[in-house]
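Enquirer: Here's the letter readout for the chains.
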Amino acid sequence: MESPDIPITIIDREGVSHEVMAPTDMNMNLMEVVRSYELAPEGTIGICGGMAMCASCQCYVLSEHPLPEKGPDEEAMLAEAFFVEDNSRLGCQIPITPELSGLKVHLAPEEM
Amino acid sequence: MIKTDILIIGAGPTGLFTVFEAGLLKLRCHLIDALPQPGGQCAEIYPKKPIYDIPAFPEVLAGDLVDNLMKQIEPFQPGFTLGERAETIDKDEDGQFIVTTNKGTQHKAPVIAIAGGLGSFEPRKPPIANIADFEDKGVEYVIRDPEVYRNKNVVIAGGGDSALDWSIFLTDVAASVTLIHRRNEFRGALDSVEKVQELKDAGKIKLITPAEVIGLKGDGHISGVTVKRSGEEFDLECDHFVPLFGLAPKLGPMANWGLEIEKNAIKVDNSLDYQTNIPGIYAIGDINTYPGKLKLILCGFHEATLMCQSAYQRIHPGKRYVMKYTTVGGVEGFDGSKKEAPKAVVKAIN
Ligand SMILES: Cc1cc2nc3c(=O)[nH]c(=O)nc-3n(C[C@H](O)[C@H](O)[C@H](O)COP(=O)(O)OP(=O)(O)OC[C@H]3O[C@@H](n4cnc5c(N)ncnc54)[C@H](O)[C@@H]3O)c2cc1C
Ligand code: FES
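Residue numbers (my numbering), protein chains in the order written: chain A, 1 to 112; chain B, 1001 to 1350.
Calculated directly from the structure, the hints in this document are not laboratory data. All C-beta atoms, glycine included, are put in the ideal place defined by N, C-alpha and C. Any given hint could be a false lead.
Simulated restraints on C-beta separations [what the hints assert, rightly or not]:
1. A:E14 with B:D1094: 42 to 48 angstroms
2. A:D12 with B:T1100: 36 to 42 angstroms
3. B:V1142 with A:G71: 50 to 56 angstroms
4. A:T9 with B:E1135: 37 to 43 angstroms
5. B:R1150 with A:S17: 52 to 58 angstroms
6. A:E75 with B:N1256: 37 to 43 angstroms
7. A:S17 with B:E1237: 44 to 50 angstroms
8. A:E75 with B:Y1052: 41 to 47 angstroms
9. A:S17 with B:K1319: 56 to 62 angstroms
10. A:E14 with B:M1323: 47 to 53 angstroms
11. A:G71 with B:G1336: 51 to 57 angstroms
12. B:N1184 with A:E19: 19 to 25 angstroms
13. A:E64 with B:G1258: 22 to 28 angstroms
14. B:K1152 with A:P66: 48 to 54 angstroms
Rough simulated footprint, nothing fancy, chain A against chain B, three-plus residues with beta-carbon under 8 angstroms [stated by the list, open to error]:
15. 1120 to 1129
16. 1174 to 1184
Using the sequences and the accompanying hints, generate a full structural model.
Expert: Listed below in structure tokens is the structure:
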């Protein structure tokens, strides 16, 4: 059987690039992938558990991939987050699907 | 000086349930929390969201869970120091711990239970280069005394409930109120959004959207902010700048208490009693770490239960105790109340 895992490149907050395999069959989102590979210190990412309520999972999307549209909660949270750029997204609002194979993201700095 | 048997730092679900388990052992508790209300993450982050994995509650709102916990511990009359952050832990000459808050309130106990969750909730500070220079010199992240703003020019930033609520409130107090937000839409309660619209139409609130504050001006005290709107920058005079972007948990002072920290959490001995590297100080709930740790409410409840048994032995060394089911022993409150299962009635039928 074909592996349901896809490669994703995540540049951490120190600028170090990590190529990781993300499962597409576990209902995971990008924030959870970052946490499962411990690419950001515990307690600094996923604080709201993935509810688009904290922005601790903000990342900059560097590749051209078909991402889900931003929902109203994500829009609102990004409007109150810091260090926001045009390519900012909340990792917790991006489910891992096979179409995201090769996705490249950079984690936004931790807020004070 | 507030004295108690177990001093609990953090009034989230774990800290609250500790009061119950300690109460069954006739130990008194006092809780400290940086937030103005008990409930921790449940009350601060998601009070209206349902939780589905509390055993025997197919569904319960986080806020209702906290209300129920408060009701359950009522008979054990816990004390609360709310709105204050535990800042330091020292030991006095008789080996008891003294915990002092950022407001100077002192507490004394033989046992400390740190139930600090993800840390104490602190305001989210916008990344404006020189903002630290103006803290308490015209920049405030929390409004404590609205009188400070009487007849002053105030700039508020943010798009949630507190930014809206304070903008409305201060129109009657301040000389001028300007609300700055990155979007035209606000995510606060509909009533508040409509009220701000009314006040804007009446010329009582100045609204600048979509815009953000990117710089601060002043000499010793803030005198103005630099605003960026649609790529254009301009200055705005003011006496106060109040960024209201909500709260985020930070480990804060706990990091300096001499405890072993790993992955932003306190390492404990989970094979025994959740004690830290300092005897007499326990860490329970989301704040601790050990192999296999899960940050779940039910895990916090379990850890609190085991920790209280160990605390009892520490407070009453050598005293024998056998765990009793509440169905058998009932619950005897410090307020004189007693709950117990009704006794079976035995009566002869002639
Ligand atoms: C959005 C969201 C959804 C969740 N859903 C679930 C779920 O469905 N099921 C589940 O089991 N769990 C869930 N959780 C996790 C759950 O909320 C936590 O496991 C739980 O709150 C931990 O309780 P606690 O008492 O250990 O810590 P907390 O609830 O974090 O409480 C700790 C308290 O300590 C205070 N504090 C910390 N340091 C200090 C200090 N120095 N001085 C004074 N006070 C201090 C803080 O202000 C805080 O109030 C969810 C969490 C979030 C954010
Ligand atoms: S984890 Fe909180 S917004 Fe994504």
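Enquirer: For a quick check of understanding: which of the numbered hints are violated here, in increasing order?
Expert: 3, 8, 12 and 13
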